[in-house]
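All chains, please: the whole structure from these sequences, using the hints.
4 protein chains.
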Amino acid sequence: MENKLRVGILGATGAVGQKFIEWLDGHPWFEVTALIASERSAGKPYREAVNWIGSRPIPEAIAAMPVESATTLPDCDFVFSGLDASVAGELERRFAEAGYPVISNARNYRMHDDVPLLIPEINPDHTKLIEQQRWGEGFIVTNPNCSTVGLVCALKPLVDRFGVEAVQVTTLQALSGAGYPGVPSLDILGNVVPFIKGEEEKIASEPKKLLGTLKEGRVEPFPVTISAQCTRVPVLEGHLECVSVRLKRKADVADVREAFLSFESPLAGLDLPSAPARLLEVFDDPAFPQPRRHAELGRGMTVSVGRIRPCEVMDVKFVALVHNTLRGAAGGAVLNAELLVRQGYLAARTRGKRQPTIPALA
Amino acid sequence: MENKLRVGILGATGAVGQKFIEWLDGHPWFEVTALIASERSAGKPYREAVNWIGSRPIPEAIAAMPVESATTLPDCDFVFSGLDASVAGELERRFAEAGYPVISNARNYRMHDDVPLLIPEINPDHTKLIEQQRWGEGFIVTNPNCSTVGLVCALKPLVDRFGVEAVQVTTLQALSGAGYPGVPSLDILGNVVPFIKGEEEKIASEPKKLLGTLKEGRVEPFPVTISAQCTRVPVLEGHLECVSVRLKRKADVADVREAFLSFESPLAGLDLPSAPARLLEVFDDPAFPQPRRHAELGRGMTVSVGRIRPCEVMDVKFVALVHNTLRGAAGGAVLNAELLVRQGYLAARTRGKRQPTIPALA
Amino acid sequence: MENKLRVGILGATGAVGQKFIEWLDGHPWFEVTALIASERSAGKPYREAVNWIGSRPIPEAIAAMPVESATTLPDCDFVFSGLDASVAGELERRFAEAGYPVISNARNYRMHDDVPLLIPEINPDHTKLIEQQRWGEGFIVTNPNCSTVGLVCALKPLVDRFGVEAVQVTTLQALSGAGYPGVPSLDILGNVVPFIKGEEEKIASEPKKLLGTLKEGRVEPFPVTISAQCTRVPVLEGHLECVSVRLKRKADVADVREAFLSFESPLAGLDLPSAPARLLEVFDDPAFPQPRRHAELGRGMTVSVGRIRPCEVMDVKFVALVHNTLRGAAGGAVLNAELLVRQGYLAARTRGKRQPTIPALA
Amino acid sequence: MENKLRVGILGATGAVGQKFIEWLDGHPWFEVTALIASERSAGKPYREAVNWIGSRPIPEAIAAMPVESATTLPDCDFVFSGLDASVAGELERRFAEAGYPVISNARNYRMHDDVPLLIPEINPDHTKLIEQQRWGEGFIVTNPNCSTVGLVCALKPLVDRFGVEAVQVTTLQALSGAGYPGVPSLDILGNVVPFIKGEEEKIASEPKKLLGTLKEGRVEPFPVTISAQCTRVPVLEGHLECVSVRLKRKADVADVREAFLSFESPLAGLDLPSAPARLLEVFDDPAFPQPRRHAELGRGMTVSVGRIRPCEVMDVKFVALVHNTLRGAAGGAVLNAELLVRQGYLAARTRGKRQPTIPALA
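Chains as they are written, first to last, in my numbering: chain L, 1 to 362; chain U, 1 to 362; chain C, 1 to 362; chain R, 1 to 362.
By construction, these hints were calculated from the structure, which means they are not laboratory data.
Beta carbons: idealized from backbone N, C-alpha and C, even for Gly.
Heads up, some of the hints might be wrong.
Label-pair distances were calculated between CB atoms; the ranges are [said to hold, decoys possible]: (1) L:Pro223 <-> U:Glu220: 54 to 62 Å; (2) U:Asp160 <-> R:Gly198: 58 to 66 Å; (3) L:Arg40 <-> R:Lys197: 50 to 58 Å; (4) L:Asn3 <-> R:Lys128: 52 to 60 Å; (5) L:Arg278 <-> R:Ala61: 17 to 25 Å; (6) U:Pro57 <-> R:Asp285: 56 to 64 Å.
Distance condition first, Cα-Cα at most 20 Å in a straight line; then the derived EDC-like pairs of lysine to aspartate or glutamate [as the list claims (entries may be wrong)]: (7) U:Lys44 <-> C:Asp285; (8) U:Lys197 <-> U:Asp187; (9) U:Lys197 <-> L:Asp285; (10) R:Lys197 <-> C:Asp284; (11) U:Lys248 <-> L:Asp113; (12) L:Lys197 <-> U:Asp187; (13) C:Lys197 <-> R:Asp187; (14) R:Lys250 <-> R:Asp114; (15) R:Lys44 <-> L:Glu312; (16) C:Lys208 <-> R:Glu312; (17) L:Lys44 <-> R:Asp285; (18) R:Lys208 <-> C:Glu312; (19) U:Lys197 <-> L:Glu312; (20) L:Lys197 <-> U:Glu312; (21) R:Lys197 <-> C:Glu312; (22) U:Lys197 <-> L:Glu68.
Written as structure tokens, this is what we have:
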């Protein structure tokens, strides 16, 4: 255990914080050594401070660990942030200033010029933005909104091969995306809510940065027009997205299917523990993918696509599915951290400490 | 009761047939006098032949009525057809040939050149096509697919005022649209299915006929390009549709909202019993309309719209909601029949019978 | 309108308060003239103070009415209380002391010796307890817990005819019973929660008072042993109860069915507007009653029973269903008030005011 | 692979058959070598014959395997039967007569005098009944109804320590218990159905045999009175049971909790691959166990209990939870087969074949 990087979790008792703890349980490179939450929880053992909503029990080592308040500096090499946006802005900055790398799931810094908005398979070179940050040894790296992740992973092969000019997407989003307690059951049982605050704006803007090009220390946004309509549906995990795309170069359904199938992840060979064997799974059964059946593919890190067909209005339409709290939140953030380890941005902070043993690449 | 038009129901034991019976219970102009179903049911009292799925009990007069087979000619002035498409083609033709007006919910004759595809508020003049039909006194009139109805009712004011060139729509459709037993609960509980067989094709084609212009005994299709993505969601009643529209003449959100609000139904003054006070209800609350809360507006005959906003890719986007088994099926078909009465196409068939008393217009 | 009794609603913005407003819309005897809620809401028009969860819109006259705080004395003849138990104890006492009759749905005073716990069809004479209360012209009358209502209505015919010694009941309770926002969707979608705080205790105790005998100004509790197991299920409205009963005098299934069918409500002839035509509906279809299909029977005021069969351990078992927010809350409380009007306990308070016109009995 | 026992699956394309295939994927002792289904499926590769409802894909080796009809004798050492009761009686008998051991999940032979009704942790000695069967080398062993399994596993420690005289149980049963397509979504979304055909009778009778004593080649039934009320709820997997028990010797809640905790499985030391580490999991959180959160404990083979408390009518009441298609069906049947291997009842049938290598016990 001493050989692992020591990790703190900001917002450890929240819904995303819990997902971090589940995902990091048994992680080969990282071990959780600090749980940071609000004053109210500070001092209590985690099991008492948390309203644990997972179906598996709290990992034993975590259950007894005392929760710390954000006013102390935790003993760890970097932090994951599952903070709510209402406090993430202030707290993440403070941790970065104090010298901690902050791997954040919050939306606050996503669109800042010098903060990477990162999906390792899509834009691994954007981590160079870290070098623009002026917070001493600390820095902030973010992952995108959960719906954005699914959309961008599906778009990337089309961008690379045909060019993409415009996108229409309607999302059917899972309840877990609203956190806990989140959506009241009286609002959603046998119902659909055609509105999720702030979501459509994020989907319209974040992909431009993710698909953008790093030039002279800045990300030049990818020129694409995106229109999103977001709905909440009574599903536990997994955002489904109905996508229509206008391509630059004409392509038929077979071309698009082939582009999905042959997409090569830039992570191949890096042996990142959280990377799925395949970024994209392509379904030919017209009734697939479905959130309850397929969100967990690749331990929740694979994005599924299906129903590829011509679009009468644009060029091609298809359906994509992403696990919103794994690939779209905790799992995605951990994968970001793994990439940063391989790229040398993350290492043991405390001087004199033995560096953790990350398996060398072949 | 003798003053009412006497009505037969084809497919009386099916899910749509049951909705006809519920809707016609207490109808001021029509009374159900014949229940037609398969050989298997013939001879039994309705209450024994049917697997009644409604929450209100079977209307008393209907419960004891014997079911007839389709081989006999029922004693009624016209028939409603809730038949499954697999048998509707053959049976509806046979009834029309035998002299019965057939007001059908089935898809089989919708796109036939001489058969009206009718929404009374949208294209009441299309009933003139009846005069092209060559089946003696019988004829066939159809209502559109349930999702089409919601879409076209919402599009009509925009077509009239701004022109509509192209439409993208993603539907979130209720379970009742699949009939009974329909969707297995194991497929849909906590899930979404991104496919409904044949649905996207109907939505792409039927609006062109509905919005088309009657010229020299033919409907000239309305030139619009429509792309649909259809999904099934765990909702009982009410199809929600996320719509994006490219307009001919530019219009902002306020213009579109005003167009919805000021739409004038051509039925005003006709006093049709099933017509809602307003065809369109406009919501300003961004979380509305919702199927469970708003599908029943106007006794299920009102179409709701909301979330009107600019579309980054096309011109404007919004959400529409239609009650799929009322406005989109039984209620819509009955409204069609009511219009036909006012237009003089429906009357008592049996010679010598006293004509039913339909209240005169003021 | 001047002829109606003027009604205030305590807790007007809460879930139960909203149900009161819906139920009283168009009520022939009562009109809402005061909406009382927390300081935070005071002064705002109701439509702005409330998070309206009903599917029908807020009644027009109510929507614009300003909300008052509980510190002022509202201009009305009596109040309904939909207050949460955390504040009901203090506030209801204060209103009673100030001279208002308080018709309460809260649990706080239910088991007080001088407070009637009332179901008009079960124990209409218990209102005499009002005369024990020493609050000047004010008094408090309560209705039971929603599950208790269903159970006691079903037990009453058996108590009268055979005697009841012991009862086992397992409840499957609807989400609306937990108020709004209530149960988080992440806890209950595709799930069941085998626990509802305080519920089993209420079901074990309240029926003893309801079925008890009024003697010398006190209710002598009915001697019965009740064991309850309460679960929460993903249902919107309607508590289902699986009941087993040990009888004093042996009775077979036919006897029990007959007792249910022939139960005579003591309200017959009183013409109370909220009383259902029949207190009990008996189903012979073994799959009935079901909450979604039958909770609304009798406008939600009828209790349904079915599946009457011998119990291997006790004597007879059956299933009962009650609409928890109508018969079990707002509707039940209004029915209580209607009985009190007929009994003369409720009348116009303000001296000099014309008494409201309640139709005389035949 | 040659070292494993070769297994056929009767009813391989049905819902239970599919669960067998999932459960046996990667099984260390058994390998599926024959898939038997109806004539209609015979000859097709499994992937084409089946409507696969699982979320994980069909195991690769199985997907391409041709389905056989029940008229041929498959090449395997024994068969699991997931047949529907309508055909299981005839087909299982035929396979037993042909010399195959039949490990069945169907109800047809459960109560036959010479057929073991088996839960390995409860009555492992009942397998001696096999020796009463007169079908040459073939025989039939059955597992109980899914609800029975949960109930009996929870009762067993109480039977052993205190004696049990009577049991009242209300079940809240999952949709998967009805097979596929099973319950129509229109019947169960936001609803509860208080009836499951034949279920209450099985729960009332099967425990008597399971808890019975083997004497002179017969099972003497355990004298207990059981009354069950069974309901269907919108849950995917996991039957919840609300149980009240009358004990022979008085015991308080702490005694009962201790009896659950200290129950010792007779399988300890047998190293059966499908046996869970613990038969019973005891929850102290009053809101647990819950089907969606806890049905999968112990890979779906652990039975959970919680909410232990005094019963006002009987002695003690509690809640139990069982995974109905794993412990209650496929997993339970495979565990039965594993016990039979250890007991020597199951071995390679074909003479001259090398016996499979089952790891020896320590």
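Now for the hints, and whether the structure bears them out:
| no. | hint | in the structure |
| --- | --- | --- |
| 1 | L:Pro223 <-> U:Glu220: 54 to 62 Å | 40 Å, violated |
| 2 | U:Asp160 <-> R:Gly198: 58 to 66 Å | 60 Å, holds |
| 3 | L:Arg40 <-> R:Lys197: 50 to 58 Å | 52 Å, holds |
| 4 | L:Asn3 <-> R:Lys128: 52 to 60 Å | 55 Å, holds |
| 5 | L:Arg278 <-> R:Ala61: 17 to 25 Å | 21 Å, holds |
| 6 | U:Pro57 <-> R:Asp285: 56 to 64 Å | 43 Å, violated |
| 7 | U:Lys44 <-> C:Asp285 | 18 Å, holds |
| 8 | U:Lys197 <-> U:Asp187 | 15 Å, holds |
| 9 | U:Lys197 <-> L:Asp285 | 12 Å, holds |
| 10 | R:Lys197 <-> C:Asp284 | 15 Å, holds |
| 11 | U:Lys248 <-> L:Asp113 | 39 Å, violated |
| 12 | L:Lys197 <-> U:Asp187 | 29 Å, violated |
| 13 | C:Lys197 <-> R:Asp187 | 29 Å, violated |
| 14 | R:Lys250 <-> R:Asp114 | 35 Å, violated |
| 15 | R:Lys44 <-> L:Glu312 | 37 Å, violated |
| 16 | C:Lys208 <-> R:Glu312 | 14 Å, holds |
| 17 | L:Lys44 <-> R:Asp285 | 19 Å, holds |
| 18 | R:Lys208 <-> C:Glu312 | 14 Å, holds |
| 19 | U:Lys197 <-> L:Glu312 | 17 Å, holds |
| 20 | L:Lys197 <-> U:Glu312 | 17 Å, holds |
| 21 | R:Lys197 <-> C:Glu312 | 17 Å, holds |
| 22 | U:Lys197 <-> L:Glu68 | 55 Å, violated |
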